[in-house]
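On the provided structure of chain A, position chain B as indicated by the hints.
Those protein sequences? They're chains A and B, same order as listed. In our numbering, each residue's number is its place in the first sequence (first place is 1) plus 1247. In our numbering, each residue's number is its place in the second sequence (first place is 1) plus 279.
Rough simulated footprint, nothing fancy, chain A against chain B, three-plus residues with beta-carbon under 8 Å:
| no. | region |
| --- | --- |
| 1 | 373-380 |
| 2 | 407-417 |
| 3 | 433-442 |
| 4 | 447-453 |
Honestly, the hints are just simulated from the structure, not real lab data. Every residue, glycine too, gets a C-beta built ideally from N, C-alpha and C.
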Amino acid sequence: MYRYDNYDHQMLADRVAQFRDQTQRYLAGKLSEGEFLPLRLQNGLYVQRLAPMLRIAVPYGMLSSRQMRKLAFIADHYDKGYSHLTTRQNVQFNWPELGEVPDILAHLAEVEMHAIQTSGNCIRNTTTDQYAGVSADELDDARPYCELIRQWSTFHPEFAYLPRKFKIAVCGTRRDQAATQVHDIGIYIVKNDAGELGFRILVGGGLGRTPVIGSEICEFLPKKHLLTYLDAILRVYNREGRRDNKFKARIKILVRETGIDTFREKVEKEWQVLKDGPLTLTDDEIDRMRGFFHDPDYRDLPAQSEALQSALSKDVMFSAWYEQNVAAHKRSGYAIVTICVKQTGSPPGDLDTAQMNFVADLADEYSFGEMRITHNQNLVLADVEQDRLFELWQALKTFDLQADNLGLLSDIICCPGGDFCALANAKSIPIAEAIQRRFTHAELREIGEISLNISGCMNACGHHHVGNIGILGVDKKGEEFYQVTLGGSASNHTALGKVVGRAFSQEEIPEVVEKIVTVYKRHRESGENFLSTYERIGMDPFKTELYGEKPAVRH
Amino acid sequence: MSTYQLPKQLIANCELADNDWLWLGEDAEAADLQAIDGAQHVIAPVALWLSAQDQVAARQGHCIPWLGSADLAAQLAESVADINTIPMIALFFPVFSDGRNYSNARELRTTLGFDGDILAAGDVLRDQVFYMHRCGINVFAMREDQDLDDALKAFADFQDGYQVSVDKPVPLFRRR
Chain A
1248 MYRYDNYDHQ
1258 MLADRVAQFR
1268 DQTQRYLAGK
1278 LSEGEFLPLR
1288 LQNGLYVQRL
1298 APMLRIAVPY
1308 GMLSSRQMRK
1318 LAFIADHYDK
1328 GYSHLTTRQN
1338 VQFNWPELGE
1348 VPDILAHLAE
1358 VEMHAIQTSG
1368 NCIRNTTTDQ
1378 YAGVSADELD
1388 DARPYCELIR
1398 QWSTFHPEFA
1408 YLPRKFKIAV
1418 CGTRRDQAAT
1428 QVHDIGIYIV
1438 KNDAGELGFR
1448 ILVGGGLGRT
1458 PVIGSEICEF
1468 LPKKHLLTYL
1478 DAILRVYNRE
1488 GRRDNKFKAR
1498 IKILVRETGI
1508 DTFREKVEKE
1518 WQVLKDGPLT
1528 LTDDEIDRMR
1538 GFFHDPDYRD
1548 LPAQSEALQS
1558 ALSKDVMFSA
1568 WYEQNVAAHK
1578 RSGYAIVTIC
1588 VKQTGSPPGD
1598 LDTAQMNFVA
1608 DLADEYSFGE
1618 MRITHNQNLV
1628 LADVEQDRLF
1638 ELWQALKTFD
1648 LQADNLGLLS
1658 DIICCPGGDF
1668 CALANAKSIP
1678 IAEAIQRRFT
1688 HAELREIGEI
1698 SLNISGCMNA
1708 CGHHHVGNIG
1718 ILGVDKKGEE
1728 FYQVTLGGSA
1738 SNHTALGKVV
1748 GRAFSQEEIP
1758 EVVEKIVTVY
1768 KRHRESGENF
1778 LSTYERIGMD
1788 PFKTELYGEK
1798 PAVRH
Chain B
280 MSTYQLPKQL
290 IANCELADND
300 WLWLGEDAEA
310 ADLQAIDGAQ
320 HVIAPVALWL
330 SAQDQVAARQ
340 GHCIPWLGSA
350 DLAAQLAESV
360 ADINTIPMIA
370 LFFPVFSDGR
380 NYSNARELRT
390 TLGFDGDILA
400 AGDVLRDQVF
410 YMHRCGINVF
420 AMREDQDLDD
430 ALKAFADFQD
440 GYQVSVDKPV
450 PLFRRR
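Same shape as in the complex, but just chain A (with noise of 0.2 Å):
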């Protein structure tokens, strides 16, 4: 993964002098509260409903065993020895105290990390697909090209009071796992027809209040351009958005009302400017970057691994995790492996101190020291040995890290909700939890591929609308209530789930699940996925199911 030069390490000791003086300087009373709001809120400092809540950058994902360690010293000391992981591949402390903020990031600086522009209206995190680097098929991995946007991205002196936040993610793999079309910026790794691959450019993408699907503005952009391209849209974007309306300022607006093909016509007559000017990528600079990704020193091993077969022959529940949580890995006798963070009875996503430290400890033992965080809020290692997959498993089993629901209806996508978060309508992690106990092992595993996700409000941080069922949390008259939908999917063929109906009660929610899944068990037919039976069969079967007569169509 990516190692931090002198230089890295001066800005980053910079930034944490810099927030250490703004936080005296509030807590002083010397920075009003509007003043210090986008200053910690660049450093991923909220302020909550019952504490500040601390998001931490993990660029891409990418975390090592060493910086695991030290966020479970950092929930030990500073918070109720807990942390979450987020849909942008980043870890959240929801009990820290502000005027400690400082030496967490003073702690995080150690390692490597820091939470910079985590929040605020600048560009956060990027993010890319857990399986990059490691996947049978990719076109390239995507992992060199986020580190050189991070970069450009961190403390860009332009763009750090931009109308609204700013997303992107990069995805090499054949298969999306990155939810890459509902990004402000989704770049696909492509080739063109001379065998080069650069990248196809989406733009004006996004959930929230108005979700939408990017828009393409460039079929293929040679590598070198990436940077200089990135800073024409965004000096379109930080110019022109909407900053008359915060819930018409994300840059999927913009693109929408100037229309995609004036929209590029912008970019380009701004890019002419800016291409081939020095913030064109230099091969030399590619080849620096893609070096800090390259291979750990895989042994040479036999494509069948005995030692897994005979487990597989001979333990059933460890063969129903393989299945489901095992992928196949670009190199002979190694396999990915998602420990699926979405044990029945904890929030989906969180991680206790004990947890943290033994992930880090297999991290070590099993995967060359490395991890991944997936926007579905689990755990990937990446490079671990067929051979040693059963003794992984069992030692899983010892902190409870066994769940084997990988892409199953229990492996839930889940905001905190209104339990921490101020801006929540309703409350999302009782839910999750109801759903999960709704259904056994069994019939999780009858049910098969499916996505269920849960948002406590409209700014959908749960990413419900890309869900096979969305649940969003809303407020109707001061009472929480939750709205369904159907046929979402954060996949290559990305789409925005549809409105099923009148809202549920946070009871019925779980029989309205089990409602929705037996119109697709009755309908399917052999081999098809939940998402596959709705786009053939449509809504109306799960209308009848769900309020007896199809209710009228509304206008």
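Positioned in the frame of chain A, the structure of chain B alone reads:
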């Protein structure tokens, strides 16, 4: 005609300097400009400045334009024969969180090759000075309540940055 009250002291090129400029508000007209003593240094809204070029010329560099957030530096450049005949261009920040003029500053310094002074005025606070400076602003009319000694420290907030900036014409990756 309204005026914006500039502070008594400016920060210019990282040092304190006395202010001798008078800032004319958005509603100022050619007649207002005419009525002001010829020796007075005046900062006029860009539209007025462009329409009153005779007076601007008569004031021999003592009348400069200011751009609001929605004004484009490129349009100003297109409207004059040589942007470098203007000794200083002012940028107005209505609220510190309005980032549009950062783009104007950077564009003036890079694409438009402007090498005169760039002044920031309005809601200019200590914690934004560093980024403004990196974008090419070198003269600061700090908001009245700002501690100038503290603001002077802002230039040392960071020793370096990843991007291109006024004092670092190439990005860090070309210097590593």
